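Trainee: Take these sequences, add in the hints, and give me the full structure.
These protein sequence lines are chains A and B, in that order.
For the first sequence, the working numbering gives the first residue as 1, with consecutive numbering after it.
For the second sequence, the working numbering gives the first residue as 1, with consecutive numbering after it.
No wet-lab data here; the hints were simulated from the structure.
Computed from a predicted structure; not experimentally measured.
Glycine is no exception: its CB is placed at the ideal position from the N, C-alpha and C atoms.
Any given hint could turn out to be false.
What the hints assert, rightly or not - Derived lysine-lysine pairs resembling DSSO-like cross-links, with alpha carbons at most 30 Å apart:
1) K77(B) to K253(A)
2) K246(A) to K31(B)
3) K41(A) to K135(A)
4) K37(A) to K137(A)
5) K246(A) to K123(B)
6) K253(A) to K31(B)
7) K123(A) to K135(A)
8) K264(A) to K24(B)
9) K24(B) to K246(A)
10) K246(A) to K91(B)
11) K24(B) to K77(B)
12) K230(A) to K24(B)
13) K230(A) to K75(B)
14) K58(A) to K72(A)
15) K88(B) to K246(A)
16) K31(B) to K230(A)
17) K69(B) to K253(A)
18) K264(A) to K75(B)
As the list claims (entries may be wrong) - Covered by chain B, according to a simulated footprint, are these stretches of chain A (three or more residues, beta-carbon under 8 Å):
19) 236-242
20) 245-252
To be verified - A few chain B residues that don't get close to chain A, going by computed Cβ distances all over 10 Å:
21) G2
22) K69
23) E98
24) H139
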Amino acid sequence: MIKKLLLIIINFFLILVIMENYKEYQRLNFLDEEYLKEKDKINKEIFLLKEIAINLEKFRLFFEPIYLEEIKKLARKSEIFKNGTYPMLINNLDYLAVKPKKNDLTVFSNFRMFLTEKEKEQKNKLNNLEINYKKLKDKRKEKIYWQNIIITCGLIAFFLVNIFFPFKNKKEKIFNNYLSLLELLKIVKEKNDKYLEKITNWENKIKEFKKSGENLGTSQDLKDIDNYRKNFAYCLLNLQLGLLQKDHLLINKYFTKFQQMKEKILNFLIQNKSQYLNNYFKESEEMINGFKEDLINLKKIIGEIKNYEIKK
Amino acid sequence: MGKSNFLICEIGEVELALSIYGIKEILWDVKVYPLPQVSEYIIGILADDKKLAVVIDLVKFFGISEENKEKILLKFKTEEILVFLAVKDVKEIIEVKEEEIYPCPPMFSSLIPNYYISSLIKKEERFIPIIDIAKILAHEEIKPYTMISK
Chain A
1 MIKKLLLIII NFFLILVIME NYKEYQRLNF LDEEYLKEKD KINKEIFLLK
51 EIAINLEKFR LFFEPIYLEE IKKLARKSEI FKNGTYPMLI NNLDYLAVKP
101 KKNDLTVFSN FRMFLTEKEK EQKNKLNNLE INYKKLKDKR KEKIYWQNII
151 ITCGLIAFFL VNIFFPFKNK KEKIFNNYLS LLELLKIVKE KNDKYLEKIT
201 NWENKIKEFK KSGENLGTSQ DLKDIDNYRK NFAYCLLNLQ LGLLQKDHLL
251 INKYFTKFQQ MKEKILNFLI QNKSQYLNNY FKESEEMING FKEDLINLKK
301 IIGEIKNYEI KK
Chain B
1 MGKSNFLICE IGEVELALSI YGIKEILWDV KVYPLPQVSE YIIGILADDK
51 KLAVVIDLVK FFGISEENKE KILLKFKTEE ILVFLAVKDV KEIIEVKEEE
101 IYPCPPMFSS LIPNYYISSL IKKEERFIPI IDIAKILAHE EIKPYTMISK
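Mentor: Structure, rendered in structure tokens:
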């Protein structure tokens with residue numbers, strides 16, 4: 001549950017950042033395009049102004065109408081000359097062309113001043129454009145850089161969640177649903193079948209010793225063994241019944257009993273071993289130890305199921 | 001493919017299967033308090049969650065001779081019914097596939113009347129009759145005692 005929630009949050013966050021990151025890249029490309037367009041425009045204006053200045057100088061020197069026409073042609077291409085204030089300058093040149101007054105330098109001087117001023121203006125504009133472009137580009141790049149870091153961290157977090165909370169770990173798989181609990185019960189049952197078989201062996205051995213006339217074990221012992229075995233088996237059946245009917249009260253009740261029973265049986269068997277069956281089990285020392293280990297494992301499994309059931 | 005779970009019990013030397021539906025618990029080592037002047041199938045009374053319920057002896061019900069006095073009780077509870085069914089032993093809970101259930105042939109058992117056998121489980125080499133608990137509880141001598149006490 002925690003893992004799912006974490007993954008949902010990480011994925012949601014990652015998707016948002018990736019979308020923003022993509023948009024930012026698009027904005028950056030657009031910024032480049034806009035900058036280049038504007039730069040070209042300004043450069044073109046500067047070029048036109050320079051060309052007009054050259055032609056103006058030629059016109060001043062030679063008074064050839066061809067230069068005047070060239071100035072007019074260039075002025076038509078320029079955005080600056082579209083402004084209503086400046087056609088006057090052209091008109092003045094026209095006037096000079098009709099009545100050449102070589103000494104009328106004011107017209108040329110005004111025109112030249114205007115061209116210089118405009119060129120300076122355009123150069124400033126270009127300079128500002130470059131500064132602004134760089135600033136904006138740096139800002140966008142920084143944003144993209146941080147977004148990339150966040151995406152990388154998100155992906156690392158995603159992998160870490162998978163490593164530390166693996167989905168398919170056996171325990172989680174077992175506790176994943178009710179059917180798996182039955183699977184677990186099968187394991188418990190298998191262990192207990194083995195366990196019951198051992199108890200029966202002990203019982204039979206005691207019976208054999210009794211038959212052979214040796215004073216090993218009393219009737220009370222046999223009765224006890226039988227009782228323990230019965231209790232154990234019925235506890236297990238009730239557990240199975242509880243799991244099949246999803247009766248948590250029944251499950252909890254018999255888990256407790258089950259654990260108590262195990263302890264009792266183990267103590268009884270160990271006691272019996274020392275009292276009556278020393279010789280018989282001399283070579284089977286490992287059996288009791290293995291048995292004890294089985295019980296401890298079983299206890300763990302049952303504890304886990306119990307905790308799981310309580311949490312549920 | 002349907003699967004059902006059955007409780008395999010012993011009454012005398014006879015093995016029978018009961019559907020786990022309605023069986024809420026298996027009890028052993030419990031003291032049953034005898035009731036006077038009731039049907040011979042009812043061997044006593046038992047308290048469950050502050051409610052009293054009768055104990056029906058299936059061994060006696062099917063007329064099987066039984067020396068062992070020890071009884072294992074099955075708590076059978078539905079919304080309206082609460083009874084304990086006494087059997088000699090409960091062996092296991094088995095999962096039975098649909099194809100392992102057969103109709104009961106006439107005169108299958110000389111001990112259990114066919115009327116109470118709903119069908120037959122054939123598992124490996126075993127043939128186990130499935131007992132219809134509802135029919136037992138509907139028996140005229142038992143029915144008056146099966147309702148949950150208020």
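Trainee: Would you say H139(B) is clear of chain A, with no C-beta pair closer than or equal to 10 Å?
Mentor: 25 Å, holds
Trainee: Regarding the pair K88(B) and K246(A), is the alpha-carbon distance no greater than 30 Å?
Mentor: 26 Å, holds
Trainee: Compare the distance between the alpha carbons of K246(A) and K91(B) with 30 Å, and conclude whether the hinted pair is satisfied.
Mentor: 21 Å, holds
Trainee: Checking one constraint from the list: CA of K37(A) to CA of K137(A), max 30 Å. Satisfied?
Mentor: 16 Å, holds
Trainee: K58(A) and K72(A): Cα distance at most 30 Å?
Mentor: 14 Å, holds
Trainee: Taken at face value, is the distance from the CA of K253(A) to the CA of K77(B) at most 30 Å?
Mentor: 18 Å, holds
Trainee: Do the alpha carbons of K31(B) and K230(A) lie within 30 Å of each other, as the hint requires?
Mentor: 17 Å, holds
Trainee: Can the restraint linking K230(A) and K75(B) be considered satisfied, given a maximum Cα separation of 30 Å?
Mentor: 18 Å, holds
Trainee: Would the hint linking K246(A) and K31(B) be met if the CA-CA limit is 30 Å?
Mentor: 28 Å, holds
Trainee: Can the restraint linking K41(A) and K135(A) be considered satisfied, given a maximum Cα separation of 30 Å?
Mentor: With Cα atoms ~21 Å apart, K41(A) and K135(A) stay inside 30 Å; holds.
Trainee: Would you check the hint for K246(A) and K123(B), treating anything up to 30 Å between C-alpha atoms as holding?
Mentor: 26 Å, holds
Trainee: Decide if the proposed pair is consistent with the structure: K24(B) and K77(B), CA atoms, cutoff 30 Å inclusive.
Mentor: Holds, because 7 Å separates the two Cα atoms, which is no more than 30 Å.
Hint compliance for this structure: every hint is met.
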